[in-house]
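*Asks:* Sequence:
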Amino acid sequence: MSLDPGIETAWISDGLATPARAALAATLSRLGPVAVLEPPLARLGLAPARIEGGLVHVTALRSIAGPAQEITLVGIGPDPSGVARELVRATLAFSPGETAAKETLSLPPELRNRVVRFAIAGSRSAGAVTLADDSLRRRKVALIAPSAGRERLDLLAPLHYLREALAPTAEVLEGAIADLLAAAPDAVVLADIATLAAPDAAALEAWVAEGGLLLRFAGPRLAAADTGRSADDPLLPVRLRAGGRSLGGAMSWGTPQTLAPFTDSSPFYGLTIPGDVTVTSQVLAEPGPDLAARAIAALSDGTPLITRKALGDGQVVLVHSSANAEWTTLPLSGLFVQMLERLAVSTRAGSPDQGTLAGSTWVAEMLMDGFGQLDAADARPGVSGERLMLSPGPDLPPGLYRAEARRVAVNVLGKGAALAPADWPPGLTPTWDEATGETDLSGWLLLAALGLLGLDVIAALSVSGRLRHGARGSGTAVIALGIIALAPAELRAQAEVDSTALAGALNVTLAYVETGDPGVDAVSRAGLQGLSDQVRLRSSVEPSPPVGVSLERHELAVYPLLYWPVTEAAAAPSDAAYARLNAYLRGGGLILFDTRDANVSSFGSRATAEAARLRSLARPLDIPALEPVPEDHVLTRAFYLLTDFPGRHAGSTVWVEAAPPDAEQAEGMPFRNLNDGVTPVVIGGNDWASAWAVDEAGLPMYPVGRGYAGERQREMAYRFGVNLVMHVLTGNYKSDQVHVPALLERLGQ
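Sequential numbering from 1 applies to the sequence shown in the numbering used here.
Just to be clear, a hint being listed does not mean it is correct.
Pair ranges (Cβ atoms, derived) [to be verified]:
1) 612 <-> 429: 47 to 53 Å
2) 334 <-> 256: 17 to 23 Å
3) 26 <-> 599: 53 to 59 Å
4) 111 <-> 371: 22 to 28 Å
5) 264 <-> 416: 29 to 35 Å
6) 111 <-> 696: 30 to 36 Å
These are calculated hints, taken from the structure and not from any lab test.
Positions of the beta carbon are idealized from the N, C-alpha and C atoms, including for glycine.
Sequences are here, hints too, so could you generate the full structure?
*Replies:* And the structure:
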């Protein structure tokens with residue numbers, strides 16, 4: 001296909017480098033002008049999580065090495081009832097100039113095994129999600145061996161090589177069968193156990209039928225016992241022949257036997273068999289119609305070496321040779337570990353390698369869309385293990401893939417991935433529409449309306465004949481036009497103020513008092529934006545973006561809530577501004593005074609500069625008597641039930657309008673009928689705006705506390721903000737006696 005020259009191209013870029021970008025950009029530039037739209041923010045992503053030393057290591061990436069930045073990581077998975085919930089939350093911090101942020105998570109095995117994916121909170125992108133597979137799951141494996149009748153060398157112990165193979169990647173349990181089954185292991189291994197007590201055998205059979213894996217190894221005891229010879233044993237996959245086969249025995253081999261290549265129906269298909277793996281002794285399976293179907297590994301002469309059968313939802317597997325090096329050299333090779341892994345007994349720490357996946361076929365279980373959401377996969381062709389190790393593409397979408405009991409994750413960002421910013425050829429400069437902002441034409445439109453009004457005045461005077469009275473009529477017209485001509489600048493300024501008030505009046509809008517400090521004002525705006533977002537998510541109220549107001553110029557009556565951060569250098573409002581503030585308070589408005597000094601005052605320094613400045617600023621205001629928030633105040637239950645009101649800091653006393661001494665309380669009502677209306681002021685120092693503040697991506701801007709406890713404090717700060725907004729909008733609704741029955745039912749009384 002060819003393109004005609006002279007076309008215009010709009011390139012919407014994700015801001016990340018790709019190999020073919022330069023060549024495609026050069027080709028399009030030759031055909032015509034190219035406009036590149038690219039967001040200015042750094043792109044975020046998650047590398048695959050890995051487990052090392054029992055700890056989960058998570059690495060976040062960003063495309064631009066900018067200033068320090070903090071992001072929130074969440075781990076999501078099913079709770080005990082099967083509902084997907086947030087199970088883990090942590091903060092990852094990018095240092096200035098760094099493009100990677102690392103965090104180590106110490107999770108209990110039960111919790112870690114339930115995590116399905118890690119994601120960057122607030123980011124709806126597949127690259128910001130990493131899926132968890134078997135590489136993060138440390139399985140429980142129960143090992144059972146016969147009691148030692150005599151001292152044995154460690155290298156000859158039945159469980160020695162099993163412990164060595166499983167200990168790095170699994171939680172190894174040893175003990176009595178009843179105790180081990182109570183610990184809910186993922187697999188049980190019997191090493192040369194010939195017979196079991198009847199209760200133990202029944203319990204083990206029931207456990208396998210519910211989905212467990214029983215792996216048995218032969219040995220001298222099993223070869224000498226009558227187990228599985230006269231009748232089928234549910235805990236053996238095949239019937240066994242009397243006696244065994246060994247090098248130099250009655251049924252002997254002339255030389256040690258090697259393993260035959262694994263067939264494509266075997267779970268070990270694709271594994272490389274070392275030439276030095278040999279077998280000198282084994283127990284033989286009784287020939288039968290099911291033997292060939294149950295054999296999953298064989299010797300070079302065709303004798304079955306490993307057999308398997310289904311028992312209920314579980315499996316029973318028998319290795320017809322020993323678990324130590326007495327009968328075979330298999331436990332001495334790396335193939336032993338790989339075969340255990342294929343049987344889902346152990347899991348490899350880190351991502352699977354090419355050798356482990358070679359020759360296997362994987363089926364998509366769940367697939368991830370571009371927004372990082374997991375959905376059940378439709379019927380799709382199987383994917384080879386070799387393809388699974390390569391980058392995702394149209395034939396390999398990101399998601400979870402399963403082969404029998406094993407599960408592997410295919411993530412957008414693989415091991416060793418990096419996010420590099422796009423490098424555009426000379427002449428192409430990315431732009432972003434949001435950077436252009438908006439042009440306010442209200443002043444010019446008002447001026448045009450006034451001009452038309454002037455023309456209408458002149459036309460009316462002309463039609464009425466008043467312009468014919470000489471200088472007097474002409475003078476009137478000139479004066480009218482002069483007034484119109486001199487008004488635009490003042491009218492445009494007034495129109496700007498009026499447009500702000502109009503926007504606030506058309507919808508619920510939270511406002512903050514401009515302090516003149518750019519840093520404080522930016523935090524106030526970001527804080528009220530975060531609070532507005534939470535109110536929108538959690539209720540039916542949909543606030544408009546917050547605005548900053550000047551006490552000297554703006555109309556306050558249209559804003560239900562004013563957030564006033566008190567600074568040490570705050571200028572005192574004028575008398576006219578105080579009159580406007582008092583009218584605002586009497587009209588039902590609420591001012592949240594925040595001295596932001598709880599981190600200092602909580603250590604005993606109550607007389608902070610901000611607190612002193614607040615007393616000075618509030619003196620001319622018509623503020624009623626105050627008291628700490630009572631336990632039964634409407635503010636404690638306007639939306640959420642609260643007992644504390646933290647922000648970025650906690651512990652500061654929060655003050656509200658004092659209740660009258662004779663506040664009404666209905667019989668059986670757990671709270672008084674306080675504050676018939678809305679408390680005009682709320683005063684505290686917990687720095688609520690910093691706890692609410694979010695950046696352009698919707699991520700928290702400032703840390704709160706440490707770890708999960710800090711995020712819990714941020715959540716309580718949001719709940720306080722939602723309660724505050726609901727208190728302003730609904731007044732004493734939650735104290736109205738009409739609603740007593742419903743409230744008592746809600747409170748369980």
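*Asks:* At the C-beta level, are residue 612 and residue 429 separated by a distance inside 47 to 53 Å?
*Replies:* holds, 51 Å
*Asks:* Using the C-beta atoms of residue 111 and residue 696, is the stated range 30 to 36 Å upheld?
*Replies:* Distance hint for residue 111, residue 696 holds at roughly 33 Å.
*Asks:* Does 22 to 28 Å hold as the CB distance between residue 111 and residue 371, or does it fail?
*Replies:* holds, 26 Å
*Asks:* Return holds or violated for the Cβ distance of residue 334 and residue 256 against the range 17 to 23 Å.
*Replies:* holds, 19 Å
*Asks:* Is 53 to 59 Å respected by the C-beta to C-beta distance linking residue 26 and residue 599?
*Replies:* Holds: the Cβ-Cβ distance is about 55 Å, inside 53 to 59 Å.
*Asks:* Take the C-beta atom of residue 264 and the C-beta atom of residue 416, compute their distance, and say whether it sits inside 29 to 35 Å.
*Replies:* holds, 32 Å
The earlier numbered hints are all upheld by this structure, with none contradicted.
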